[in-house]
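Visitor: Here the protein sequences come in this chain order: P and Z. Using the numbering used here, you'd call the opening residue of the first sequence number 91 and step up by one each time. Using the numbering used here, you'd call the opening residue of the second sequence number 197 and step up by one each time.
None of these hints come from the bench; they were simulated from the model. Check each hint, because a few of them may be wrong.
[What the hints assert, rightly or not] Part of the chain Z face toward chain P, derived, beta carbon under 10 Å:
#, residue
1, Gly-237
2, Asn-271
3, Lys-298
The beta carbon of each residue, even a glycine, is placed where N, CA and C say it ideally should be.
As a plain string of letters, each chain reads:
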Amino acid sequence: DSGVTQTPKHLITATGQRVTLRCSPRSGDLSVYWYQQSLDQGLQFLIQYYNGEERAKGNILERFSAQQFPDLHSELNLSSLELGDSALYFCASSVEGERYGPYEQYFGPGTRLTVT
Amino acid sequence: AQSVTQPDIHITVSEGASLELRCNYSYGATPYLFWYVQSPGQGLQLLLKYFSGDTLVQGIKGFEAEFKRSQSSFNLRKPSVHWSDAAEYFCAVGVISGATNKLIFGTGTLLAVQP
């Protein structure tokens with residue numbers, strides 16, 4: 091158990107809909123990362139939040155957005171869903187602070203999204 | 197551009213046999229390297245990491261990896277595989293760019309263990 095929690099575990103929805111994925115980082119971790127794992131794209135970085143502020147964006151679609159709340163949990167919002175958005179979405183947390191450097195990331199169990 | 201290559205998509209080994217999973221990276225600066233394992237229906241578990249220092253790093257579950265700068269490689273090894281090691285293994289490079297520490301993953305190697 092990494093200490094990172096994600097809900098829900100599974101989500102099935104229809105095209106055009108909007109969903110919210112939730113992540114709680116490990117206790118004490120200020121940084122949250124979101125990744126998407128799909129068969130055709132593999133594991134890709136989407137976005138990072140640090141202590142409530144967006145820190146970096148990767149290959150995140152404009153239909154997707156995220157935020158990190160004062161209690162440090164994060165939500166990934168996916169809207170106008172398409173069939174191709176079906177994937178496993180992972181959240182990871184890291185202990186990194188203000189000093190930049192390599193930090194290990196601990197992953198949650200993921201949310202499997204199926205768009206029908 | 198940064199990238200990670202795992203040339204073996206699928207590997208089958210016998211239980212008790214040794215294992216080596218290959219990983220090559222492309223990164224202009226000092227690489228920070230990781231191996232993660234993903235069991236079916238599970239998240240990614242960190243096996244080991246290399247940041248600096250000794251190029252042979254030990255991880256959990258009896259795994260080790262060796263960083264070879266001259267070959268741009270970070271291969272994962274285990275001397276004796278157990279059936280519970282069957283899973284997918286991902287090599288990743290940590291990219292520090294501005295204020296972020298994102299991970300770039302390889303495509304993974306699926307390990308099957310036969311009795």
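Visitor: Any hints from earlier that this structure breaks? Give me their numbers in increasing order, please.
Guide: Result: hint 2 breaks, nothing else.
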